[in-house]
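Novice: Each chain, letter by letter, is given below.
2 protein chains.
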Amino acid sequence: MNFRSITVTAPGKIILHGEHAVVYGKKAVASAIGLRTTLKLESKNDDLVTLNLLNFKTTCKWNTDELQRDVKKLGGTDLSCCTLEGRKLFNKFVDHCEVTEVDKRLIKAAISVFVFLAGRILEEFESLPSFSVEVITSIPIGAGLGSSAAYCVCLCTALLAATGQIPLPTVTSASPTALSASESERNVSLSAQDLELICKWSLEAEKLVHGKPSGIDNSVCTYGGVLTFQDGIIKHLIRIPQLQILVTHTKIPRSTKDLVSGLRERYNQLPTVYNPLFDAIGAIAEESCVYLDKLYQTQAEPENTEQNFQEHYCILEKLIDLNQQLLVTLGVSHSSLDQLCCVTAKHSMHSKLTGAGGGGCAFTLVTPDTSEESVTEASRELSSLGFEVWDTCLGDHGVTLAFT
Amino acid sequence: MNFRSITVTAPGKIILHGEHAVVYGKKAVASAIGLRTTLKLESKNDDLVTLNLLNFKTTCKWNTDELQRDVKKLGGTDLSCCTLEGRKLFNKFVDHCEVTEVDKRLIKAAISVFVFLAGRILEEFESLPSFSVEVITSIPIGAGLGSSAAYCVCLCTALLAATGQIPLPTVTSASPTALSASESERNVSLSAQDLELICKWSLEAEKLVHGKPSGIDNSVCTYGGVLTFQDGIIKHLIRIPQLQILVTHTKIPRSTKDLVSGLRERYNQLPTVYNPLFDAIGAIAEESCVYLDKLYQTQAEPENTEQNFQEHYCILEKLIDLNQQLLVTLGVSHSSLDQLCCVTAKHSMHSKLTGAGGGGCAFTLVTPDTSEESVTEASRELSSLGFEVWDTCLGDHGVTLAFT
Numbered sequence: 001m002n003f004r005s006i007t008v009t010a011p012g013k014i015i016l017h018g019e020h021a022v023v024y025g026k027k028a029v030a031s032a033i034g035l036r037t038t039l040k041l042e043s044k045n046d047d048l049v050t051l052n053l054l055n056f057k058t059t060c061k062w063n064t065d066e067l068q069r070d071v072k073k074l075g076g077t078d079l080s081c082c083t084l085e086g087r088k089l090f091n092k093f094v095d096h097c098e099v100t101e102v103d104k105r106l107i108k109a110a111i112s113v114f115v116f117l118a119g120r121i122l123e124e125f126e127s128l129p130s131f132s133v134e135v136i137t138s139i140p141i142g143a144g145l146g147s148s149a150a151y152c153v154c155l156c157t158a159l160l161a162a163t164g165q166i167p168l169p170t171v172t173s174a175s176p177t178a179l180s181a182s183e184s185e186r187n188v189s190l191s192a193q194d195l196e197l198i199c200k201w202s203l204e205a206e207k208l209v210h211g212k213p214s215g216i217d218n219s220v221c222t223y224g225g226v227l228t229f230q231d232g233i234i235k236h237l238i239r240i241p242q243l244q245i246l247v248t249h250t251k252i253p254r255s256t257k258d259l260v261s262g263l264r265e266r267y268n269q270l271p272t273v274y275n276p277l278f279d280a281i282g283a284i285a286e287e288s289c290v291y292l293d294k295l296y297q298t299q300a301e302p303e304n305t306e307q308n309f310q311e312h313y314c315i316l317e318k319l320i321d322l323n324q325q326l327l328v329t330l331g332v333s334h335s336s337l338d339q340l341c342c343v344t345a346k347h348s349m350h351s352k353l354t355g356a357g358g359g360g361c362a363f364t365l366v367t368p369d370t371s372e373e374s375v376t377e378a379s380r381e382l383s384s385l386g387f388e389v390w391d392t393c394l395g396d397h398g399v400t401l402a403f404t
Numbered sequence: 001m002n003f004r005s006i007t008v009t010a011p012g013k014i015i016l017h018g019e020h021a022v023v024y025g026k027k028a029v030a031s032a033i034g035l036r037t038t039l040k041l042e043s044k045n046d047d048l049v050t051l052n053l054l055n056f057k058t059t060c061k062w063n064t065d066e067l068q069r070d071v072k073k074l075g076g077t078d079l080s081c082c083t084l085e086g087r088k089l090f091n092k093f094v095d096h097c098e099v100t101e102v103d104k105r106l107i108k109a110a111i112s113v114f115v116f117l118a119g120r121i122l123e124e125f126e127s128l129p130s131f132s133v134e135v136i137t138s139i140p141i142g143a144g145l146g147s148s149a150a151y152c153v154c155l156c157t158a159l160l161a162a163t164g165q166i167p168l169p170t171v172t173s174a175s176p177t178a179l180s181a182s183e184s185e186r187n188v189s190l191s192a193q194d195l196e197l198i199c200k201w202s203l204e205a206e207k208l209v210h211g212k213p214s215g216i217d218n219s220v221c222t223y224g225g226v227l228t229f230q231d232g233i234i235k236h237l238i239r240i241p242q243l244q245i246l247v248t249h250t251k252i253p254r255s256t257k258d259l260v261s262g263l264r265e266r267y268n269q270l271p272t273v274y275n276p277l278f279d280a281i282g283a284i285a286e287e288s289c290v291y292l293d294k295l296y297q298t299q300a301e302p303e304n305t306e307q308n309f310q311e312h313y314c315i316l317e318k319l320i321d322l323n324q325q326l327l328v329t330l331g332v333s334h335s336s337l338d339q340l341c342c343v344t345a346k347h348s349m350h351s352k353l354t355g356a357g358g359g360g361c362a363f364t365l366v367t368p369d370t371s372e373e374s375v376t377e378a379s380r381e382l383s384s385l386g387f388e389v390w391d392t393c394l395g396d397h398g399v400t401l402a403f404t
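Here the protein sequences line up with chains A and B, keeping their order. The opening position of the first sequence corresponds to residue 1 in UniProt numbering, with each subsequent residue numbered one higher. The opening position of the second sequence corresponds to residue 1 in UniProt numbering, with each subsequent residue numbered one higher.
Next up, chain A with everything else stripped away, as it sits in the complex (with noise of 0.2 angstroms):
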């Protein structure tokens, strides 16, 4: 391996607009967000494959041949934790852990897909090299925020780029700076063709811990950015305006099978009621892509009044309140997001769930009218209602890699 470490990043996501009505075939606006996860490949010499999920204080040590016996016996595709082999695999390193059991869960899982990923990239070389993978992240984990995406892809990116597969510019001696930049990190600026094929492997992986992915989650923390979502294609925002937001997590479990099916069965009681409240999520998750778009344009030229972009803001408010009006009537809203929403409301700002619902995570806009103390007081009563609070941005860049 031609490199000392690779380092690559790649951020979490929401859902803007348009949960629960993608199911029944409306837009749904995805956006990346400012909290990142970052992770950390570096050659070793030790015969060993080491990862550490420093999040979750659990290290797993194999020995490079262990390894591959081990992705052998899972066979490549049959991950699952859920089967015997799988049981048995993870529990090694999972049981003497002391963390909760959805913690054990979610560690089962990371582990699952790093033998997957690990067995399946690197299978061209004969004999597994000793590396060592380091993981922390600042997106809260199973919380809806795609933290499982940013994993997938920051492993799959470092694996790619570790075989080659992503290439790394060689560092030529005929280069002035080659001794200095081999010492430090050089960016690796990522194509059109990198990107494809990091988002497919990682779609490859997320089916390990998802079951049946969508395909947003990976895709946002690949491409970056602000992403549409439609009967399966994906489309790219192209001018997303400045955006601060709180995301807030309720702590609140939820099943989002248990909601999605709820929401199912109240539906197939009154379609012609419901069909025309999905088709009202969609039209807002349209109207949502139009006002980004006016207020990137406001921000952009200079000479734009105030007046417009109070009114881009405006109306951007609106829709948050109206989508979060409606999945309350859909019921899969909850009295701790409710709750969030009042909170906020107090001080002038809109809020709405994102994801599943039912708990989980909620965000609210800021706006340039808002003002820091608002920000403060705010998530100071969120924190102490037991929910924790990131003030962070929306449309944040997608996956980075680096190398020394």
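The hints are simulated quantities; they were obtained by calculation from the structure and are not laboratory data. Warning: the hint list may mix true and false statements.
Identical copies look the same in the list; a pair holds intra-copy or inter-copy alike.
Here are the simulated DSBU-like cross-link-like pairs (lysine-lysine), alpha carbons at most 30 angstroms apart as the crow flies [stated by the list, open to error]: (1) 257 with 346; (2) 92 with 294; (3) 294 with 44; (4) 72 with 212; (5) 57 with 44; (6) 40 with 72; (7) 61 with 200; (8) 44 with 235.
Starting from the known structure of chain A, arrange chain B on it as the hints suggest.
Specialist: What follows is chain B alone, placed relative to chain A:
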């Protein structure tokens, strides 16, 4: 006048579903309720016309020729109490009353309707006969529950009967029960033609009170039962189940005009979002008719199981919840109404605002599964919040006429 007294009653009304959306061409469903207005017209020999509004503790007396002069002064159609002549005319009865300004406005409207109808319906008499009219109602006045329509319907019916335009059966001496019948009150069965005449006149009278009434209120108060209204066309629901409801008045004053125009502004800003919301409310109105019919059928056929009952009630409850949440989404609810819904939800009952919203009234469905204790306890809690609560029924009969 060949009678001693005429007694008329007419019901109040609620909008079950479709308020606001009806303005955008969707179906609305209205129902008569068990709160009624009673009007007694008595033939007199005192050269006076007397109007006694018992709820307002207000009595107006005219010499018969003075009333004829007043009618001519106002010119028949322009009877609005906002004109200078109108103000002068009604102020003489109202100025000394110890009532609120709102009540003064309502009293003036009641007198203006009286002068208008007496002048127009009794114009065949060269000189007005003397008579008295006494009105009392259990419908809360000015709360959007059709109190003015019930008043107009009662007054039209009494005056049309007094002039013989609605024929009162003559008591012939040939009838063996003639003497006793002339002593006690005899009910008159109103023909379809009579009802049409009453409905037409009461709409004219309503125009004095409301400017441009939709025609729903006077139709429901005339015909009773449950009606649908769409694009100006009124249809009668044939089969109406027995349903108990609570009607609650929050006492929060609201302006229908402001609520409708506020929503129009929001609609104009995001029509693609609001149109499907109105579609959803229209679908709720349609489904409510389907399930009222199904419930009637279940009630009528004793072989139906308990389960059928529960299913139909359950859907009627869901439609109430969905519509209330949509009205919240449209921005026409009020914190008092949200509070009301919370209180009844605590007792497993489902409520929605009725009418324009922004305060005003709500109704709550009481099903066979609701314990008497729940109804009592919820009513007590609502009263303690300063609300007024009536325990009544849906689909009450329309106008009734009796005479001695």
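Novice: Give a verdict on every hint.
Specialist: We went through each hint and held it up to the structure:
| no. | hint | in the structure |
| --- | --- | --- |
| 1 | 257 with 346 | between (33 angstroms within a copy, 28 angstroms between copies) |
| 2 | 92 with 294 | neither (54 angstroms within a copy, 60 angstroms between copies) |
| 3 | 294 with 44 | neither (50 angstroms within a copy, 74 angstroms between copies) |
| 4 | 72 with 212 | within (24 angstroms within a copy, 80 angstroms between copies) |
| 5 | 57 with 44 | within (21 angstroms within a copy, 97 angstroms between copies) |
| 6 | 40 with 72 | within (25 angstroms within a copy, 95 angstroms between copies) |
| 7 | 61 with 200 | within (27 angstroms within a copy, 89 angstroms between copies) |
| 8 | 44 with 235 | neither (40 angstroms within a copy, 82 angstroms between copies) |
In summary, the numbered hints that this structure violates are 2, 3, 8.
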